[in-house]
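Trainee: Start from the sequences and build out the full structure, keeping to the hints where you can.
Sequences listed follow chains C and B, in order.
Numbering of the first sequence is given in the UniProt record's numbering, commencing with residue 1 and proceeding in unit increments.
Numbering of the second sequence is given in the UniProt record's numbering, commencing with residue 1 and proceeding in unit increments.
No lab work stands behind these hints: they were computed from the structure.
Here the structure is a predicted model, which means the values were calculated and not measured.
Some hints could be false.
If chains are identical, the list can't say which one is meant, so a pair holds when it fits in one copy or spans any two.
[Unchecked claim] With a straight-line cut-off of 27 Å between C-alpha atoms, the simulated DSS-like cross-links for lysine-lysine are:
| no. | residue 1 | residue 2 |
| --- | --- | --- |
| 1 | Lys471 | Lys303 |
| 2 | Lys452 | Lys58 |
| 3 | Lys303 | Lys452 |
| 4 | Lys452 | Lys471 |
| 5 | Lys58 | Lys471 |
Protein chains: 2
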Amino acid sequence: MARRPRRQPTPLVQDRPEWRQLRHPFAPHALFSDDEIAGIHAMALRLLEELGLSILLKEARDILAIGGASVEEDMVFIGRDMVEAAIASAPASFRLCCANPLRDLQMENGALLFGPGSGCPNASDRIHGRRPGTQADFENAVRLTQSLDVLHTLGPCCEPQDIPVHLRHYVLMQSQLTLSDKFPFIYGRGRAQVEDGFAMIRTALDLDEETFLNNAWVETVVNTNSPRLIDRPMAQALIDFARAGQVVVITPFCLSGAMAPITVAGALVLQHAEALGALVLNQLACPGAPAVIGGFGSNVDMKSGAPAFGTPEHVQMSIGTGQLARHVGLPWRGAAGAASNTADMQAAGETHMSLWGNLMANAGMVKHAAGWLEGGLTFGFEKFINDVEALQTIATLCTQPDTSADSLGWDALNEVAPGGHFFATAQTMNRYETAFYQPLVADLSNHGAWEKNGSLRSDERATAIWQQILKDFTPPPGSTERAARLEPFIARRRAEGGAPILD
Amino acid sequence: MARRPRRQPTPLVQDRPEWRQLRHPFAPHALFSDDEIAGIHAMALRLLEELGLSILLKEARDILAIGGASVEEDMVFIGRDMVEAAIASAPASFRLCCANPLRDLQMENGALLFGPGSGCPNASDRIHGRRPGTQADFENAVRLTQSLDVLHTLGPCCEPQDIPVHLRHYVLMQSQLTLSDKFPFIYGRGRAQVEDGFAMIRTALDLDEETFLNNAWVETVVNTNSPRLIDRPMAQALIDFARAGQVVVITPFCLSGAMAPITVAGALVLQHAEALGALVLNQLACPGAPAVIGGFGSNVDMKSGAPAFGTPEHVQMSIGTGQLARHVGLPWRGAAGAASNTADMQAAGETHMSLWGNLMANAGMVKHAAGWLEGGLTFGFEKFINDVEALQTIATLCTQPDTSADSLGWDALNEVAPGGHFFATAQTMNRYETAFYQPLVADLSNHGAWEKNGSLRSDERATAIWQQILKDFTPPPGSTERAARLEPFIARRRAEGGAPILD
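Mentor: Spelled out as structure tokens, the structure:
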């Protein structure tokens with residue numbers, strides 16, 4: 001009996017250029033009829049006109065008033081003509097430019113961009129436990145995100161709480177620009193920090209003003225304070241990013257039953273209205289600025305009030321959000337995510353369900369796709385590794401299978417006797433080195449071998465994997481140059497006292 | 001500030017008639033073009049004609065010869081006209097009749113039936129560890145399957161290895177008919193055991209011969225020994241189930257790279273050919289007998305030769321199988337499943353991916369949807385509970401969301417001030433008792449509360465859940481009567497020495 005060919009172990013980190021710009025393999029699902037979507041859109045317009053948004057930044061209210069809105073104290077009432085103009089001026093497709101042009105991304109409906117779990121105050125792993133995030137944790141999260149081609153954008157995975165807040169943005173941006181060449185992120189914590197962020201990108205990438213302004217180099221997420229409130233830093237970010245030609249990802253956080261109506265349709269009305277209202281301000285500040293709408297809609301548990309993720313309602317909110325985004329023709333973001341407190345089956349289940357909801361919805365950006373725990377309170381390193389397995393599986397599904405004449409395997413079928421095996425066919429020998437997705441953390445050994453290796457769960461095995469990736473990490477080309485250009489700027493700004501945040 | 005309404009805890013086991021006959025909510029995905037599918041189908045026909053199948057049972061070869069096949073020793077060459085006749089005679093839709101008519105199921109393309117993990121020699125839970133399955137384990141698996149409306153059919157979850165094999169089928173059927181009123185299963189281990197099984201159903205359900213023969217009361221799974229071999233008990237089951245009007249679920253087990261070509265397209269050629277070849281025998285034995293085609297196709301790991309599940313190739317095989325089944329217009333089965341050795345994130349990830357593959361493929365029956373570990377070597381009770389969470393989430397997604405005028409929530413949106421909350425709106429008060437899917441095992445409490453409760457992972461929490469369901473279990477109506485009718489039959493057959501299996 002012929003020996004089975006044995007393939008060599010695959011390295012943890014593979015160079016997979018075909019994973020760097022994915023497009024959705026599955027057609028978007030329609031949960032609501034076209035009429036129902038038109039009805040939700042119409043009620044969102046009515047909400048903006050009749051109920052209005054509370055916008056806490058005077059500068060933003062002034063821009064909206066000049067644009068035609070009626071303003072009464074903090075309340076801004078936005079007409080449907082203004083919304084239509086914003087939808088018309090916002091680009092349906094734009095390029096995200098990276099330090100490494102090979103990592104540039106096209107953002108539009110149909111694209112599929114994965115971003116890591118972000119915005120977490122805490123970090124967690126099996127060695128150090130759960131703790132407030134630090135600079136070291138954030139840097140490691142950047143290294144991991146950089147190392148895996150299936151993650152497309154960076155993100156503020158965990159908050160470096162050991163750095164004072166007026167200096168924190170230097171650390172966040174320096175890490176992103178020197179440990180990675182992927183698309184970076186700036187928190188919208190007020191003009192001073194945002195302008196520092198823009199300056200760091202121009203400086204590190206050695207961009208002239210025009211090249212910076214005419215291309216998208218960085219994104220921020222603008223969360224509304226649902227229901228119907230945009231606070232001062234968020235309003236300022238909508239203005240400042242637009243004027244700098246950079247990307248705002250407008251993200252109402254409408255948990256149905258708490259900050260939004262208890263129905264999926266009602267929560268979508270609110271989410272869509274808030275996204276469009278924020279878009280109006282953004283587009284008035286600079287028509288044509290790159291913007292992403294969408295949301296992060298799920299539900300709360302009505303027994304405890306706790307946020308829930310990966311629920312049927314989370315999936316439905318995602319699908320409805322996609323329908324509304326396509327209704328207005330704009331690119332949008334969704335999110336995966338987990339409420340679980342630890343890297344267990346619940347966490348995996350919630351993340352897979354919400355990920356597939358985003359796939360059914362054809363979300364352009366899938367945020368929080370790896371590492372999110374506790375509804376975003378913790379970035380978990382073992383969870384991150386296990387989530388990447390799911391993302392790599394989906395990325396593989398973005399490629400059509402081979403349907404060549406050879407793939408049909410007539411010769412191999414002819415070669416193998418009934419009850420035999422295909423290990424030694426010419427077709428197998430020609431293809432076995434590259435056939436099939438190679439798992440990152442899944443252990444396919446039999447029970448005896450698995451026990452002999454210590455009976456480790458996949459969260460336990462993941463520890464060695466993220467450690468190994470960090471150990472093997474080398475910064476991408478150009479990092480030293482970017483670091484050298486950046487250092488004098490950061491030194492000067494630190495000496496000047498840093499930059500305060502806007503409350 | 002108004003108090004949030006607090007809903008009472010939901011019982012673990014809910015009466016959910018709307019989950020008892022599901023239909024796919026998502027349109028089937030096409031991985032291959034119509035031409036490519038026609039090409040795979042054509043090559044499968046050529047395989048049956050030119051390469052043939054090895055069929056080890058003489059009785060089966062005789063039936064096929066009379067039906068027009070050419071036979072050379074064990075090899076049977078089946079013409080495409082015979083395949084076309086079988087496709088034409090097999091029903092596209094049929095009813096699965098249960099002890100409780102409220103649990104009857106329609107099997108056809110578009111239907112979505114979940115079955116528990118089956119065929120496992122071992123059982124495993126956190127109390128008793130991993131061990132060879134016993135009668136007690138099997139009975140508990142039946143009780144759990146019966147208790148959860150989202151599981152539609154029974155299955156031989158774990159093998160009662162403490163019962164001698166010539167008596168085992170009495171235990172398997174007695175448990176199914178007295179602890180459950182769902183659709184049961186008989187192993188195709190030879191005519192003597194199969195006829196005992198049919199007799200037990202007729203006896204327990206008090207069916208006259210005609211009512212039994214004219215309706216489908218039980219199913220078996222017929223696995224081919226891929227490639228191209230049908231052994232004696234499987235061939236006999238194809239004949240005997242057809243003649244009794246009962247359901248065969250024809251299931252080639254084509255692991256790409258081992259028992260099938262290393263390409264998805266090639267593995268589909270083989271799987272489809274084997275399924276159609278088995279169908280020909282089945283339909284020649286009794287034209288119009290209820291049959292399900294499909295397969296359980298995934299890939300092996302080319303590093304170790306181990307079966308892999310939840311991989312991109314598993315998803316692609318499922319989708320291709322669905323396209324081929326729709327091409328011939330017959331209902332089909334797929335399977336979820338996990339290779340993981342324990343109830344961890346890998347296990348959850350593999351099961352979710354393969355489950356979603358089946359959803360994208362619109363599999364009529366999703367076998368092994370709860371509890372499967374180690375590629376089917378172990379039925380895990382904690383895995384079962386966690387998988388049911390996924391199935392209940394999908395079942396909830398099978399219902400369209402409310403899109404009534406009230407659901408749009410205008411009054412609620414009007415009622416809540418910017419930055420406020422919806423906990424106390426009239427809309428919330430009217431709906432909070434029934435809003436949102438209530439999780440079975442997911443713990444949504446915050447990290448502090450979770451730690452206070454012992455920092456339990458979801459596999460650890462699942463132990464108390466399956467224990468509680470078993471503790472609360474009461475057999476369904478009619479069980480006592482079915483048991484009383486069955487007892488004399490089983491006593492007699494035991495006294496007669498039971499029934500041997502066919503090798």
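Trainee: Just pull the numbers of the violated hints for me, sorted ascending.
Mentor: Those not satisfied are hints 2 and 5.
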